[in-house]
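K.L.:
Please take these sequences and the hints and turn them into a complete structure.
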Amino acid sequence: MRFLILGPLTVLKDGEDVTPSAPKQRALLALLLANANRPVSMAQVVRELWDYDPPPRAVAAVHTYVMQVRKALRDDDRLVTVEQGYLLRVRPGELDLDAFADAAAAGRERLAAGDLAAAQRRLRDALGLWRGRVLVDVESGPLLQEAIDRAERDRLDAVAARIEADLGLGRHLELIGELSGLAHLHPDDERLVRLLMRALYRAGRQADAIAAYGDLRRELAREHRAAPAPETERLYTHILTGHPGLEWTAPPVPRPRSSADHGALL
-11 MRFLILGPLT VLKDGEDVTP SAPKQRALLA LLLANANRPV SMAQVVRELW
39 DYDPPPRAVA AVHTYVMQVR KALRDDDRLV TVEQGYLLRV RPGELDLDAF
89 ADAAAAGRER LAAGDLAAAQ RRLRDALGLW RGRVLVDVES GPLLQEAIDR
139 AERDRLDAVA ARIEADLGLG RHLELIGELS GLAHLHPDDE RLVRLLMRAL
189 YRAGRQADAI AAYGDLRREL AREHRAAPAP ETERLYTHIL TGHPGLEWTA
239 PPVPRPRSSA DHGALL
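Quick note on our numbering: the sequence shown kicks off at -11 and runs consecutively.
Among the hints, a few may not be true.
Derived Cβ-Cβ restraints for the label pairs, each shown as a range [what the hints assert, rightly or not]:
id, residue 1, residue 2, range
1, Ala217, Gly3, 47 to 53 Å
2, Leu161, Glu211, 28 to 34 Å
3, Lys1, Arg210, 22 to 28 Å
4, Glu235, Gly116, 47 to 53 Å
5, Val47, Ala105, 36 to 42 Å
6, Leu161, Arg58, 27 to 33 Å
Here are the computed lysine-lysine pairs in the DSS-like style, where the Cα-Cα straight-line distance is at most 25 Å [what the hints assert, rightly or not]:
id, residue 1, residue 2
7, Lys59, Lys12
8, Lys1, Lys12
9, Lys59, Lys1
Simulated from the structure, these hints should not be mistaken for laboratory data.
Quick reminder that beta carbons are idealized off the backbone N, C-alpha and C, glycines included.
P.N.:
Here you go:
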């Protein structure tokens, strides 16, 4: 089976779409997938489906929804009853969120090792699994929204890591548009703004890099009553002084990977 939540909720069994269509069933399945292979208590299900205003027969309704989801999945061993709750069994490679996490982790590992080209490929592969906002077509309650927000933060982190790899490969001119859009959407994200500042500086736009720092500083003061981190301040100082370390140089040849490393990343 394939369980897809990085976009519209989709369940494929032998290539056939068996996704439940009723809203409560979809919300229940989405909550179980967000907690794949971990127990979800009845209290958590009730809170997700009705927040703090459950109907008098909420528990009985959940039992019915579970039965209907089991029927949709056509596999009685998938959705199992555990003590005071339920657990959805998902095997390795079946859930796109897990595949994304594995590929993104591999990309960050290569980035840390200085293998920028491999890092960029891994991270692009990871981000290519996304088909839109997480569970975009599911009405989310408080618990599912927390999981969605967490996944979206992980996505943004992978985007920033991919951009860092691209920047190291000398693609600063190509990145300015994307980074400007991201900084507009996330004006208090210091990592994104630092990447934008570097790209602008390397493109010969020192004044715009300084302006991006000023926008960040004002946003942090207004929204968080905070100042930029020391790393951001150092970058700003280096941009002001034209520090030679900011200029792009071709990345060094990455260290050879052992067969064990290669196998771990496949």
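K.L.:
Next, verify each hint and record whether it holds.
P.N.:
Verification of the hints:
1. Ala217 / Gly3: 47 to 53 Å: 48 Å, holds
2. Leu161 / Glu211: 28 to 34 Å: 30 Å, holds
3. Lys1 / Arg210: 22 to 28 Å: 50 Å, violated
4. Glu235 / Gly116: 47 to 53 Å: 31 Å, violated
5. Val47 / Ala105: 36 to 42 Å: 54 Å, violated
6. Leu161 / Arg58: 27 to 33 Å: Violated, since Leu161 and Arg58 (Cβ atoms, about 54 Å apart) do not stay within the stated range.
7. Lys59 / Lys12: 15 Å, holds
8. Lys1 / Lys12: Within the cut-off at roughly 21 Å; holds.
9. Lys59 / Lys1: 12 Å, holds
Comparing the model with each earlier hint shows violations of hints 3, 4, 5 and 6; every other hint is respected.
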